[in-house]
Amino acid sequence: MKIKIFYFARLKETLKFSTEDLELPDETLTILKLKALLAQRSDTWHEMLMGKLKVRGAINHELVDDLATIHDGDEVAFFPPVTGG
Amino acid sequence: MKIKIFYFARLKETLKFSTEDLELPDETLTILKLKALLAQRSDTWHEMLMGKLKVRGAINHELVDDLATIHDGDEVAFFPPVTGG
Amino acid sequence: MTVRVQTQDFDVGFEINQLRVARPDVGAVVSFVGQVRDLNDGNTIATLTLEHYPGMTEKSLEAIVNQAKSRWNIMDATIIHRVGTLQPLDQIVLVAVSSAHRNEAFSACEFMMDYLKTEAPFWKKEATAEGEQWLEAKETDETARKRWEK
Amino acid sequence: MTVRVQTQDFDVGFEINQLRVARPDVGAVVSFVGQVRDLNDGNTIATLTLEHYPGMTEKSLEAIVNQAKSRWNIMDATIIHRVGTLQPLDQIVLVAVSSAHRNEAFSACEFMMDYLKTEAPFWKKEATAEGEQWLEAKETDETARKRWEK
Numbered sequence: 001m002k003i004k005i006f007y008f009a010r011l012k013e014t015l016k017f018s019t020e021d022l023e024l025p026d027e028t029l030t031i032l033k034l035k036a037l038l039a040q041r042s043d044t045w046h047e048m049l050m051g052k053l054k055v056r057g058a059i060n061h062e063l064v065d066d067l068a069t070i071h072d073g074d075e076v077a078f079f080p081p082v083t084g085g
Numbered sequence: 001m002k003i004k005i006f007y008f009a010r011l012k013e014t015l016k017f018s019t020e021d022l023e024l025p026d027e028t029l030t031i032l033k034l035k036a037l038l039a040q041r042s043d044t045w046h047e048m049l050m051g052k053l054k055v056r057g058a059i060n061h062e063l064v065d066d067l068a069t070i071h072d073g074d075e076v077a078f079f080p081p082v083t084g085g
Numbered sequence: 001m002t003v004r005v006q007t008q009d010f011d012v013g014f015e016i017n018q019l020r021v022a023r024p025d026v027g028a029v030v031s032f033v034g035q036v037r038d039l040n041d042g043n044t045i046a047t048l049t050l051e052h053y054p055g056m057t058e059k060s061l062e063a064i065v066n067q068a069k070s071r072w073n074i075m076d077a078t079i080i081h082r083v084g085t086l087q088p089l090d091q092i093v094l095v096a097v098s099s100a101h102r103n104e105a106f107s108a109c110e111f112m113m114d115y116l117k118t119e120a121p122f123w124k125k126e127a128t129a130e131g132e133q134w135l136e137a138k139e140t141d142e143t144a145r146k147r148w149e150k
Numbered sequence: 001m002t003v004r005v006q007t008q009d010f011d012v013g014f015e016i017n018q019l020r021v022a023r024p025d026v027g028a029v030v031s032f033v034g035q036v037r038d039l040n041d042g043n044t045i046a047t048l049t050l051e052h053y054p055g056m057t058e059k060s061l062e063a064i065v066n067q068a069k070s071r072w073n074i075m076d077a078t079i080i081h082r083v084g085t086l087q088p089l090d091q092i093v094l095v096a097v098s099s100a101h102r103n104e105a106f107s108a109c110e111f112m113m114d115y116l117k118t119e120a121p122f123w124k125k126e127a128t129a130e131g132e133q134w135l136e137a138k139e140t141d142e143t144a145r146k147r148w149e150k
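Chains as they are written, first to last, in our numbering: chain G, 1 to 85; chain L, 1 to 85; chain F, 1 to 150; chain E, 1 to 150.
Simulated from the structure, these hints should not be mistaken for laboratory data. Note that beta-carbon positions come from the ideal geometry of N, C-alpha and C, so glycine has one too. Any given hint might turn out to be false.
[What the hints assert, rightly or not] Here are the simulated DMTMM-like cross-link-like pairs (lysine to aspartate or glutamate), alpha carbons at most 25 Å apart as the crow flies:
id, chain 1, residue 1, chain 2, residue 2
1, L, K52, F, E119
2, L, K52, F, D25
3, G, K12, G, E62
4, G, K33, G, D66
5, G, K52, E, D41
6, F, K150, E, E149
7, L, K54, F, E119
8, L, K16, L, D43
9, F, K146, L, D65
10, E, K138, F, D25
11, E, K146, E, D25
12, E, K125, F, D25
13, F, K125, L, E27
14, L, K52, L, E13
15, G, K54, G, D21
16, L, K2, L, D74
17, G, K12, E, E126
[Stated by the list, open to error] Away from chain L, derived, C-beta distances all over 12 Å, residues of chain F:
id, residue
18, F14
19, R23
20, D38
21, G42
22, A63
23, K69
24, Q87
25, D114
26, F122
27, K125
28, E149
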């Protein structure tokens, strides 16, 4: 399956990635599993996605929790807790 | 003692008085006593000041209750509950 | 503090800006604008005439602002209330409050409206096709004010 | 409903008027304007840069308006949020709500601000003399939002 991932704010800046297209094996993928997969890339990735920082995830523009399932073609995003207003 | 009285809204309209200067004997005068005094003028006055209508009183621009004491030179006002905003 | 009772209209944008321009410590301005509706309790309104008690009105509005200042950490406030004869779609009242943070501005603005509705000496008379009538004070306004006494 | 995310400034007076002009059933417009402060948690702010998630931002703001509409009898609402680099005294956000009666407009406006602060994908980075830093989400904002779940 193919997904698109966006990173925002501190994550984007530290990971030096704003977006990427990813092709993954066709198995059940949750937000948590995707985080764990990406965290294998380096210590920095691990720290940003699985570390002490709170990371929020969205699928197709909806906030979701770690157990939400990702499907083929989904747009996933990772970012810190929001601070607008 | 001399006092000035103002009437507003429905009271002013029905009593056909917006303001008057009154000279009264020098005795302890409360809002309630003044109302009773004015109510003797006619049935209309009685109905407006001592009837079923809620009447609020003010002394020198401060809302007061029926037991508040009026002094020489005071500005007294009678009006219905307020409806601004 | 700005407190005005006037027959002429007011400019909401200007008044809100006055509370924050040149005030970099202000983070929030909450405002309430009241407008004359064309329908009130089922009556079609032609005009609404506002009477007030000159002298006492200004004093009571200032007292309301001062009470809000003593209860919340607000920076400044503006109350403008129109009097005279108004029509549907006319602005009646503006209450605006500035503060560093939003929660204080929201509370203070709502508090000021609730007190204005029950303590400031204004009276409304509406003219409809059936004639003129003075509006009665609403129990709900009294209830709204009382919740601040807790 | 008006929902806009933009770099340019907005005219508060114009936006508030849009919610009531030609709407004689509107009796109240409550609004919140947020401004960039020069001091935040003791830091002197030079600039504040707002990043957002295009697509999701608009969708989440619309969802917030729709939630407010389902909870209160409001007529219309406007949310405008700026992004990009701002300075102290710049306007950041406007939330405005119209309704027949004031209590609903006050509640809906405060509700929308609390949800905007905790659910809309905006992030702030402040630049001070000491350098740049991303702002942390505040626990108090989360608490403010949670009170609406009761």
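Outcome of the hint check:
no., hint, verdict
1, L:K52 with F:E119, "21 Å, holds"
2, L:K52 with F:D25, "51 Å, violated"
3, G:K12 with G:E62, "19 Å, holds"
4, G:K33 with G:D66, "8 Å, holds"
5, G:K52 with E:D41, "22 Å, holds"
6, F:K150 with E:E149, "22 Å, holds"
7, L:K54 with F:E119, "14 Å, holds"
8, L:K16 with L:D43, "14 Å, holds"
9, F:K146 with L:D65, "17 Å, holds"
10, E:K138 with F:D25, "19 Å, holds"
11, E:K146 with E:D25, "32 Å, violated"
12, E:K125 with F:D25, "18 Å, holds"
13, F:K125 with L:E27, "38 Å, violated"
14, L:K52 with L:E13, "17 Å, holds"
15, G:K54 with G:D21, "23 Å, holds"
16, L:K2 with L:D74, "8 Å, holds"
17, G:K12 with E:E126, "16 Å, holds"
18, F14, "21 Å, holds"
19, R23, "26 Å, holds"
20, D38, "18 Å, holds"
21, G42, "17 Å, holds"
22, A63, "9 Å, violated"
23, K69, "19 Å, holds"
24, Q87, "17 Å, holds"
25, D114, "9 Å, violated"
26, F122, "3 Å, violated"
27, K125, "7 Å, violated"
28, E149, "15 Å, holds"
Checked against the numbered hints given earlier, the structure breaks hints 2, 11, 13, 22, 25, 26 and 27 and satisfies all the rest.
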